[in-house]
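Chemist: Single-letter residue listing:
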Amino acid sequence: MLTCDITSIQSLTSLAECIRTLAQPGDIFLLEGDLGAGKTTFVKVLASLCGIDPREVTSPTFGLVHRYLSGSPGMGSPDPEDMAQRFVLVHADLYRLGPGADIYDTGIQELMDEADLVAVEWAEYLQDGVVTHGLRLRFHLDFTGETDETGIRQVEIIPVGDRWTRQMRALQECIEKSHGLKNNP
Amino acid sequence: MNSSSKNRSRLVLGIETSCDETAAAVVTSDGVVLSDIIASQVDIHGRFGGIVPEIASRIHVESIVPIVEQSIEEAKVTLEDLSAVAVTQGPGLVGALVVGLSFAKALAFPMDLPLCGVNHIQAHLLAIFIRDKREEGAAAGRREKRPEFPFVGLVVSGGHTSLYLVRNPLDMELLGATRDDAAGEAFDKVAKLLGLPYPGGPVISRLAQKGNPEQFRFPRAMLPETPLDFSFSGLKTAVLQQVHRIRRKGVQIPVEDICASFEEAVVDVLVEKGLKAAVQYGVKDLVIAGGVSANRRLRSVAQERADRSNVRCHFPEMRYCTDNGAMVAYAGQFLLDAGMLLSPDADVYSRLAF
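Residue numbers (this note's numbering), protein chains in the order written: chain C, 1 to 185; chain S, 1 to 354.
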């Protein structure tokens, strides 16, 4: 497990860059943490690194799952040929599903299967064993000390599956090299 | 918009199942609501602290037949009297939308009735033109107060916070939208972190009346680069931090003051941006619709500041602010007129892209 301090949007971007570099199609990022911990913001940052307009990324609490495409936005799906050129990020939110969330009944699984990358908020509600490769990112909002408007956050990073377990060393090196990102050994 | 005897007889059945209300209504082409039936699931979902989507779909399936039957009965018409069926096609919960669309197809196509797929957000804005049949007599006096096209429309609800330039009922240009949480979602989540029940809007609004809106200065995200967009996520976090700060001191949480200060911050931003858009696009009318537009503080602040900006501010009648079938039926009329009809293989859509 790795832990790092996020003190600004820049350091969150650095963390997302390290993760993006090591990610492979089909990876799922399980985002955990309370209200206001920074989960949606992380997805915004990740999306922009994938060529997606971050303005498109909004909280999926209401709609359960959003699908974002890189390049120019538009309503509905582009034609299949165009689709092949697009990067697909799926952004799910289990807040309203609660503990033991069923991602099959709600259509979330269907969208996840066709995504390049998937980010799931409130992943603590997901049943065990559903996700086999990716990262678990636990966001903590730090209330100690006199915080500014946005506050300081800690992120715990836990690998899921063999490949990410092997990549943790590389991820740690990337984090240590990144400006403004502090790794807490 | 104008009533005419020719249109009088034209009736549209509207069906709405985009979230947690199963609703059906029969509306005339000039916006007179003959029936408006809503089965809400709020009580059921309140127990879970929010909408439970799988349960929502199941309840829609159970409710839709009796709700539509009741809407036809109460309107004192028969299915043969209908000119079209209109149904919410999106945005909303896919599982819930599918129930309404499938039912509407099964009803319309065997009877050779045109089927119109309505955009839920646009229907909210057109709700400003509908009225209850009981108020029809009084409507003549009110009609001049209605908005004129083009107007700026702000839709605020649990799932949406979007600004539109409404050129006509079928031409609405998206000017801005929330970049993170919808305003109604912020109400629900702040209620949750204060330990208040779902839905958060009415509860916070009630407690806010007894609180001091200036007790806490919560942030108003004005977003100078894209000033017609909204952001409520920072506000939610600021409330959270304030609550923790007070808790650390070991004193009681001033829930009413927090509610009042939070509500004031949301209202400030909504009104400011709505009026900014109206001024920027040179329109005289601002329509605020959707579930959050039932908020009394929003109504009074918007009215007051609109007067100062020489903008006329309009809100749908209270019962047409939240999700309902009447707005869907009414919006469907324009699609019918334009010949924009759904084919049997039409699908729902969950959200609108920017």
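Simulated from the structure, these hints should not be mistaken for laboratory data.
A hint or two may mislead.
Stated by the list, open to error - One-sided excerpt, in silico: chain C residues whose CB lies under 8 Å from chain S:
no.: 1; residue: 40
no.: 2; residue: 51
no.: 3; residue: 107
no.: 4; residue: 151
Built from N, CA and C at the ideal position, the CB exists for glycine as well.
Chemist: Please flag the earlier hints that this structure goes against, numbers listed from lowest up.
Modeler: Hint 2 is the one this structure does not satisfy, whereas the remaining hints hold.
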